[in-house]
Each structure stands twice: as structure tokens, then as C-alpha cells.
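Peer 1: Same order as they appear, the protein sequences are chains A and B. Going by our numbering, the residue at position 322 of the first sequence is 322; the numbering climbs one at a time, nothing skipped. Going by our numbering, the residue at position 73 of the second sequence is 73; the numbering climbs one at a time, nothing skipped.
To be clear, the hints were calculated from the coordinates, so they are not data collected in a lab. Among the clues, some could well be false.
All copies of an identical chain are treated as equivalent in the list; a pair is satisfied when it fits inside any one copy or across any two copies.
Claimed, not checked - No farther apart than 30 Å at their CA atoms in a straight line, the calculated lysine-lysine pairs in the DSS-like style are these: (1) K234 - K104; (2) K33 - K104; (3) K234 - K30; (4) K198 - K104; (5) K199 - K30; (6) K30 - K198; (7) K104 - K199; (8) K104 - K30; (9) K33 - K234; (10) K33 - K198.
2 protein chains.
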Amino acid sequence: MDIHAVARLAHVSIATVSRTINHIPTVNPKMAKRVWEAIRELDYFPNTQARALVSGRSRLLGLIVSEITNPFFPELIQGFEEVAVENGYEILIGSTNYDPERMKSCIRRMVERNAEGVAVMTFGIEQPLLDQLTDRNIPLVFVDVAPNKPGMSVLCVDYHHGIRQGVQHLAALGHRNIGFVTGPLRLHSAQSRLAAFKKALLECGIPVNDRFIIEGDHTMEGGMAAAEQILEQKNVPTAIMCSNDMLAIGVLHKLSRSGLQVPGDVSIIGFDDIHMAEMMIPSLTSIQMSRSDLARAAVSALRTHLEGSSPRREFTIDTHLVVRESTGFPRGTMNRLRKLSTRRADLPAAPRQ
Amino acid sequence: MDIHAVARLAHVSIATVSRTINHIPTVNPKMAKRVWEAIRELDYFPNTQARALVSGRSRLLGLIVSEITNPFFPELIQGFEEVAVENGYEILIGSTNYDPERMKSCIRRMVERNAEGVAVMTFGIEQPLLDQLTDRNIPLVFVDVAPNKPGMSVLCVDYHHGIRQGVQHLAALGHRNIGFVTGPLRLHSAQSRLAAFKKALLECGIPVNDRFIIEGDHTMEGGMAAAEQILEQKNVPTAIMCSNDMLAIGVLHKLSRSGLQVPGDVSIIGFDDIHMAEMMIPSLTSIQMSRSDLARAAVSALRTHLEGSSPRREFTIDTHLVVRESTGFPRGTMNRLRKLSTRRADLPAAPRQ
DNA sequence: CCGGGAGCAGTAAACCTTTACCGAAAATGT
DNA sequence: ACATTTTCGGTAAAGGTTTACTGCTCCCGG
Numbered sequence: 001m002d003i004h005a006v007a008r009l010a011h012v013s014i015a016t017v018s019r020t021i022n023h024i025p026t027v028n029p030k031m032a033k034r035v036w037e038a039i040r041e042l043d044y045f046p047n048t049q050a051r052a053l054v055s056g057r058s059r060l061l062g063l064i065v066s067e068i069t070n071p072f073f074p075e076l077i078q079g080f081e082e083v084a085v086e087n088g089y090e091i092l093i094g095s096t097n098y099d100p101e102r103m104k105s106c107i108r109r110m111v112e113r114n115a116e117g118v119a120v121m122t123f124g125i126e127q128p129l130l131d132q133l134t135d136r137n138i139p140l141v142f143v144d145v146a147p148n149k150p151g152m153s154v155l156c157v158d159y160h161h162g163i164r165q166g167v168q169h170l171a172a173l174g175h176r177n178i179g180f181v182t183g184p185l186r187l188h189s190a191q192s193r194l195a196a197f198k199k200a201l202l203e204c205g206i207p208v209n210d211r212f213i214i215e216g217d218h219t220m221e222g223g224m225a226a227a228e229q230i231l232e233q234k235n236v237p238t239a240i241m242c243s244n245d246m247l248a249i250g251v252l253h254k255l256s257r258s259g260l261q262v263p264g265d266v267s268i269i270g271f272d273d274i275h276m277a278e279m280m281i282p283s284l285t286s287i288q289m290s291r292s293d294l295a296r297a298a299v300s301a302l303r304t305h306l307e308g309s310s311p312r313r314e315f316t317i318d319t320h321l322v323v324r325e326s327t328g329f330p331r332g333t334m335n336r337l338r339k340l341s342t343r344r345a346d347l348p349a350a351p352r353q
Numbered sequence: 001m002d003i004h005a006v007a008r009l010a011h012v013s014i015a016t017v018s019r020t021i022n023h024i025p026t027v028n029p030k031m032a033k034r035v036w037e038a039i040r041e042l043d044y045f046p047n048t049q050a051r052a053l054v055s056g057r058s059r060l061l062g063l064i065v066s067e068i069t070n071p072f073f074p075e076l077i078q079g080f081e082e083v084a085v086e087n088g089y090e091i092l093i094g095s096t097n098y099d100p101e102r103m104k105s106c107i108r109r110m111v112e113r114n115a116e117g118v119a120v121m122t123f124g125i126e127q128p129l130l131d132q133l134t135d136r137n138i139p140l141v142f143v144d145v146a147p148n149k150p151g152m153s154v155l156c157v158d159y160h161h162g163i164r165q166g167v168q169h170l171a172a173l174g175h176r177n178i179g180f181v182t183g184p185l186r187l188h189s190a191q192s193r194l195a196a197f198k199k200a201l202l203e204c205g206i207p208v209n210d211r212f213i214i215e216g217d218h219t220m221e222g223g224m225a226a227a228e229q230i231l232e233q234k235n236v237p238t239a240i241m242c243s244n245d246m247l248a249i250g251v252l253h254k255l256s257r258s259g260l261q262v263p264g265d266v267s268i269i270g271f272d273d274i275h276m277a278e279m280m281i282p283s284l285t286s287i288q289m290s291r292s293d294l295a296r297a298a299v300s301a302l303r304t305h306l307e308g309s310s311p312r313r314e315f316t317i318d319t320h321l322v323v324r325e326s327t328g329f330p331r332g333t334m335n336r337l338r339k340l341s342t343r344r345a346d347l348p349a350a351p352r353q
């Protein structure tokens with residue numbers, strides 16, 4: 001069932017079979033036809049390991065994410081795979097579960113399996129580990145982590161734009177007490193989101209209240225815990241932004257459980273705009289960052305590294321607000337705002353209930 | 001950076017290096033130490049493709065699922081990977097998106113990359129495709145599909161138990177009009193769930209109303225569409241079971257949007273008990289099937305095939321009801337039932353408001 | 001009719017590892 | 001001290017493919 005069998009059946013040499021399979025144009029169409037027939041006849045599939053071994057090209061792209069059970073990542077993985085396959089690659093998925101030890105084993109797998117390039121979207125990689133990749137000239141793309149090293153691109157996410165939109169949206173509704181539930185703060189992306197939030201508050205002239213900034217962990221349980229922490233305080237913010245949608249869902253759940261209305265008592269904004277956000281009740285206002293743009297940019301960056309010695313490039317991914325039901329006027333200000341507002345069309349839908 | 005470099009540095013032959021790496025006991029500890037030091041020094045990683053090529057063992061297990069964006073599957077994948085890694089394997093994920101054409105390419109990848117075994121949890125595989133695997137003696141495990149062929153195990157899921165519990169639960173609450181939103185009916189699992197539902201209705205003496213059985217597609221959008229279809233009818237069932245949680249979430253969303261209370265007006269039961277089910281508002285009553293049991297059984301079945309010529313085995317996976325807030329008394333019967341009931345403790349929580 | 005070149009198929013080396021087999025050295029027994 | 005066994009490291013083949021190089025065939029011009 002190897003290439004020799006095909007060669008025998010087609011009465012050609014294995015070299016011709018190989019050339020046929022790889023669409024090398026110097027092969028005589030008549031022979032090619034014979035070869036393809038033999039391949040079909042035998043149901044022959046080339047052995048990927050042997051090909052990779054001799055050609056030095058594994059046609060494998062690595063993707064290291066935080067955790068596969070956070071729906072954001074499957075949505076990203078799907079896009080990444082799609083683009084990879086379009087370009088003749090397959091993907092190798094690694095998930096760190098936020099654990100540096102697991103990152104180590106992810107890197108190890110990427111190297112062992114000879115990934116030609118690796119995209120990383122979780123926390124940053126420590127120098128000695130990083131070297132395992134760079135020493136082997138494996139190109140890297142980081143999403144939202146910025147180790148200033150040659151040979152790796154960085155995909156910047158413009159968190160600021162989307163988050164500012166979110167804060168402005170809340171401010172326009174009349175919110176002045178806005179909380180924020182962060183992700184794990186050793187994640188650069190979590191840091192950036194928090195920073196963007198603070199900056200946006202300043203821009204809108206809203207004071208930053210550190211007691212309303214809670215460190216979470218990008219899980220629903222973390223969101224519930226954060227909500228609990230917020231509820232323990234004597235006054236509760238009228239709006240809460242979250243570093244991702246999972247947190248927001250946890251917060252939403254916990255608040256509802258505690259008898260608070262969303263958005264009546266508290267407005268909530270998530271981040272990522274996972275598919276599920278739309279299905280929550282109330283549906284979740286969230287800040288979207290395009291998964292497909294991200295995936296496309298990541299693969300594209302890896303490809304430029306692989307194909308030429310093109311210079312390290314930076315891509316920027318946009319974010320923008322998607323308004324749904326989980327944001328509304330804070331209690332008591334609704335009527336006043338209604339009257340004051342001159343731009344009716346811009347008003348978000350009135351709070352449900 | 002290959003095995004020769006290590007051999008040179010450690011002043012041994014490549015054979016000794018190889019034996020050291022593979023923990024062959026005949027290697028002298030003193031030499032082994034030298035070798036390990038050299039490996040560490042050089043940061044050497046064995047080349048997986050070369051190993052696989054010569055040993056004939058790729059240490060790769062395939063897993064073909066329906067779609068990666070349905071949270072059930074990431075949860076399954078996580079378990080599968082964990083067990084696979086425990087056993088020294090890595091996994092290769094394929095997703096069909098319910099498309100036979102994609103199944104074809106999944107199989108192709110599995111063969112090309114020399115997966116040692118493949119677990120399939122989506123629809124069944126057509127005979128000619130199946131042959132591509134069986135001809136190469138690649139063991140298969142099907143979850144809930146039953147092609148009676150040697151060399152492959154089947155993991156049966158006892159849908160009946162969990163679904164009967166669900167129907168009994170609804171019946172005990174006083175529901176007599178129960179709808180069902182199916183999955184895509186060419187999926188054997190969707191068929192089985194529907195069959196189990198009908199059987200359970202019979203057992204509980206509840207009539208089957210075909211107009212309340214809607215074909216869905218295991219997505220949230222499908223759930224919304226199904227709900228819409230149900231709402232168009234002149235009388236709406238007081239409870240709806242769904243073939244998976246994504247459907248249930250869609251149904252729940254659509255019903256709420258239409259002003260119906262869950263569970264006040266309609267009770268909902270999902271299937272799979274994805275993590276998110278707990279977070280819905282109201283939280284979703286669902287039927288659980290253990291992902292980790294499933295993963296463990298799948299890997300275990302593949303291993304028995306790989307290691308010995310052990311006979312084809314059948315595993316059965318249990319399902320059971322998890323009661324949450326989305327099921328309650330149908331309107332009007334609550335008080336009557338309250339009075340009649342002798343087992344207060346068993347009563348589910350009163351419908352939220 | 002012959003020489004030269006184009007076109008194209010075949011041979012063999014190479015990729016990196018595992019492993020069967022061989023042989024040397026050490027250990028054991030007498 | 002010698003013979004026999006045990007231990008264990010080294011050599012080389014093998015695994016399936018790609019690809020550089022070789023060389024055959026055929027065609028064309030002179």
C-alpha cells in the first residue's frame with residue numbers, strides 16, 4: 001500500500017508517482033493518468049510522516065490557546081483551521097489552561113511534531129521556552145503579547161476602541177458607577193482590557209473606583225465569584241464591564257439569582273461577543289473582535305514568515321460594541337434622560353420588563 | 001540538532017541515545033546519565049515523524065466530532081485528550097459540520113497522518129469510506145452508531161434512562177402536552193433520543209402528538225426556529241424536550257422573546273448538560289451524559305484493539321436527569337398538585353418570577 | 001544520415017529514527 | 001587461570017517519501 005505498489009501497478013517508477021502526486025509539470029499526461037488510476041484503484045494515500053521527514057515540511061501550523069472550553073476559542077479555532085486548510089496546512093491545537101507547565105508541553109509538542117509556525121493566544125512565553133522555538137527558526141505569531149523579538153509577528157488588538165464605545169454607551173445612558181471584572185492579570189490581554197477601561201473612564205470624565213475593579217479569571221465561576229464580591233459592598237455599581245463574555249455570563253447569573261434586574265438594576269457588558277451572548281436572557285451587550293480577522297491575520301503572518309524573509313509585521317484587529325439588552329438606563333435616570341436627549345434614534349432599547 | 005549530535009556530545013552511539021530515550025532497561029545507568037545531560041544541553045527533541053515512520057506507531061488517536069462550536073464537543077475533546085495523553089497518545093481532531101464531504105476529508109487526514117485508532121462521534125460512515133480505515137486495520141470506536149462490523153467497538157448511550165427520567169419528571173409535575181425538538185434526523189444519536197422520548201411517553205401513558213415533534217439541527221438557531229414553529233400552532237405544549245442543550249437554549253430564548261414564561265408557561269428540558277446550562281436564566285434542566293466516561297471508554301476501547309486482538313467490546317454510557325429551574329408546574333395545576341403531593345421534599349423549586 | 005538538445009523517466013541518496021543482530025568486554029563458575 | 005555466560009554498546013538496515021542527478025528516447029536541423 002505504499003508508493004511502490006502504485007508504481008508497479010502503473011508500470012512507472014516511484015519517482016514518477018511522486019511527481020504526479022505533487023503536480024510537477026514535467027510528468028507526461030499519459031503517465032499521470034495511469035498513475036492517478038492506480039492511485040484510485042489501490043486507494044493509496046501518501047504517508048504524511050515520510051513526506052514531512054524528507055521534505056522538511058510538515059504542513060502543520062500550531063495554535064496555542066488558553067482553554068478549549070471557553071467558546072471564544074473554538075470559534076477562533078474553527079476560523080484558524082479554515083484558513084489553514086485553504087493554504088494547504090493542518091493545525092495542531094494546544095491548550096494551556098492558564099498553566100505554564102502545560103505551555104511547556106504544548107511547545108514541546110509543536111517542536112516534536114515539527115510545526116512550521118505557531119500562533120499563540122494565551123499568556124506570554126518565557127524566554128527559555130521561547131528559545132526552543134526560535135532556535136529552530138519556527139515563526140511565531142503572538143496575539144496581544146509583545147515580546148520584542150525578531151522573527152515573530154504580533155497581532156495587536158485595538159481594545160481601546162471597543163471598550164471606549166462601551167463606556168461611552170454606558171455614560172450616555174447615565175451610568176457613573178461602573179465596575180470592571182478583569183481576567184487573570186498575568187494575561188497581557190486581560191491587562192490591556194483593564195487599561196483600556198480605565199483610560200475610557202478618564203476620557204468620559206468618570207471617576208475610577210478601585211473597589212469596583214475585581215480580578216476574575218475568564219470563567220463563568222469567576223464571574224459569579226466577582227459578582228458576589230461586588231454584592232457584598234455597600235453600594236453596587238450601576239453597570240459592570242467584564243473582561244470576557246464568560247465572566248459576564250457568570251455575573252449576570254449571580255445578579256439575577258440575587259434578585260437584581262439586568263439591566264434595570266445593573267447593566268452588564270461582556271467582551272468577545274461569543275455566539276452565546278446573543279442567547280442570554282437578557283441578551284448580552286458585548287464588545288466584538290472578529291474571530292475570522294484574527295484567524296486570517298494569524299495565518300497570513302505565519303505564511304509571510306514561512307515564504308520569504310519578509311520583515312516582521314504588525315497587524316491590528318478592531319473591536320466594536322454590539323448593543324443588546326443587558327445595558328440600559330440606571331434606575332431613576334431614565335425619564336430625565338429621555339427628556340434631555342436630543343438624539344432619540346441613538347437611544348438603546350428601553351430596558352425589558 | 002539530531003540524534004547524532006547527542007551521540008557525539010555524549011560519546012556514545014546513536015543506538016544508545018535512542019535506547020536511553022525510550023527507556024530500554026539494558027542501557028547502563030552511567031551512559032544514560034551522560035546521554036540525558038547531552039539531551040538537556042542541546043535541548044534535543046526527537047523527531048516524531050521519523051520515529052513514527054520507522055516504528056510504525058504514530059502515537060496519534062483521531063477524534064471525529066460534529067462541530068467544534070457546540071460546547072458539548074470541546075468538553076468531550078478535553079476529556080478525550082486528557083485520557084489520550086495519560087496513555088501516551090496525542091489527538092487529531094476532525095469536525096464534520098454534519099457534512100459528509102467533510103467526513104471524507106477527516107478520514108483522509110486520519111489515514112494520511114497514520115492515526116492508530118479513530119473515535120467517531122457524529123453521523124455514521126458510509127461503507128466505502130469505512131473501508132479506507134478498516135483496510136488499513138485502523139481500529140474504530142463509534143459512539144452511538146452501530147455498523148455491525150468486526151474490528152470496531154460501539155459505545156452505546158443509554159438514552160432511555162435519562163430521557164425517561166425527564167419525561168417522568170414532567171409527568172409528575174402534571175404535564176400532558178410535551179413537545180420534542182429533535183436533532184438532525186440522519187444522526188443516529190438524534191434518532192435514538194427521539195425514539196427514547198416516544199417510548200418514555202408511552203410508558204408514562206402520555207399520548208404522542210406528532211405536531212409537537214419538530215425536527216431541529218442541534219444549533220441555537222435551530223432551537224429558535226423550532227420554537228417559532230411551535231408558537232405558530234394554536235395550542236402550545238406545556239413542556240418541550242430538546243435533543244440537545246443548544247436547541248434548548250434557542251427554544252428558551254425564543255419563548256422568552258415571545259413573552260412566554262419559562263417554566264411558568266412552558267417547561268424546557270435539554271440534553272447533554274453542557275456547562276452553560278447551569279448559567280441560563282432560568283437555569284436549564286438537562287439530561288447529562290458523562291463526557292469523561294465517554295472519553296475514557298472511547299480511549300479504552302481503542303487501546304484494547306491496539307494492544308491485543310481482544311474481541312470487540314460494547315460499552316454503555318449512562319444518562320441521568322439534572323433538575324434545575326427550567327421545569328416547573330404547568331399553569332393552573334400548581335396548587336392542586338401541591339396539595340395532592342405527599343412528598344414535599346421531591347417538589348422542584350417553584351417557578352421563579 | 002548524423003549530431004545535439006529537449007523532454008521526461010528512472011536510480012539512488014537523503015531525511016531521522018528504531019531495532020535486530022553482532023561482537024567485545026566483563027562477570028561468573030570451576 | 002581459563003571457559004562460559006551475561007551484559008550492553010555499536011553497526012547497519014529499514015521505514016516511505018522527495019529530489020538531484022543520470023541517462024534514455026525522440027525529434028529536429030544541418
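Peer 1: Next step is simple, just say for each hint if it's right about the structure.
Peer 2: Each hint, compared with the structure:
1. K234 - K104: neither (44 Å within a copy, 60 Å between copies)
2. K33 - K104: Between copies only: 23 Å across chains, 47 Å inside a chain, cut-off 30 Å.
3. K234 - K30: neither (83 Å within a copy, 67 Å between copies)
4. K198 - K104: neither (33 Å within a copy, 50 Å between copies)
5. K199 - K30: neither (68 Å within a copy, 60 Å between copies)
6. K30 - K198: This pair counts as neither: shortest intra-copy Cα distance 69 Å, inter-copy 59 Å.
7. K104 - K199: neither (34 Å within a copy, 51 Å between copies)
8. K104 - K30: between (51 Å within a copy, 28 Å between copies)
9. K33 - K234: For K33 and K234, neither the intra-copy (79 Å) nor the inter-copy (62 Å) Cα distance is at most 30 Å.
10. K33 - K198: neither (66 Å within a copy, 54 Å between copies)
The earlier numbered hints that this structure contradicts are 1, 3, 4, 5, 6, 7, 9 and 10.
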